[in-house]
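Numbering (my numbering), first residue to last: 1 to 111.
Treat the hints with caution; some may be incorrect.
Computed spacing ranges between beta-carbons, pair by pair [to be verified]:
1. Ala54 with Gln2: 17 to 23 Å
2. Glu94 with Ala36: 33 to 39 Å
3. Gln5 with Ala36: 15 to 21 Å
4. Ala30 with Leu102: 31 to 37 Å
Just so you know, the hints here were simulated from the structure itself, not pulled from any lab data. For each residue, glycine too, the CB sits at the ideal point set by N, CA and C.
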Amino acid sequence: MQLGQQVREALRLGWLQPGDRLPTVRDVVARSGVNANTVLKAYRELELAGLVEARQGSGTFVKASLGSAAPEDLDPLRVTLAGWVAEARAAGLEDEDIFALLREVLSGGAR
Numbered sequence: 001m002q003l004g005q006q007v008r009e010a011l012r013l014g015w016l017q018p019g020d021r022l023p024t025v026r027d028v029v030a031r032s033g034v035n036a037n038t039v040l041k042a043y044r045e046l047e048l049a050g051l052v053e054a055r056q057g058s059g060t061f062v063k064a065s066l067g068s069a070a071p072e073d074l075d076p077l078r079v080t081l082a083g084w085v086a087e088a089r090a091a092g093l094e095d096e097d098i099f100a101l102l103r104e105v106l107s108g109g110a111r
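Produce the entire structure from the sequences given, and follow the hints as far as they go.
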């Protein structure tokens with residue numbers, strides 16, 4: 001998963017909140033091996049989207065959240081979804097099959 005997508009997902013799930021500091025470019029490079037220019041580009045795109053704010057000498061900070069629900073409100077859904085994924089895997093579906101099925105249901109194409 002791309003860095004920008006990972007940050008957006010963390011914002012949606014409430015793992016990152018406004019005011020939280022993102023890892024430094026150096027930290028991301030050290031942990032993931034991603035090129036520093038790629039990290040800088042992802043951070044710039046997030047800044048242009050109004051999601052983060054770069055503060056000279058301080059780092060990059062979350063400016064806005066994407067989540068429409070409180071993180072604790074997602075817990076019951078997470079449990080239900082985990083059970084559904086376990087059933088799907090028991091039925092022989094692989095991750096890509098599960099994603100395809102979920103996309104179908106989300107698009108209203110469920111039969």
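Out of the numbered hints, which ones does the structure contradict?
none
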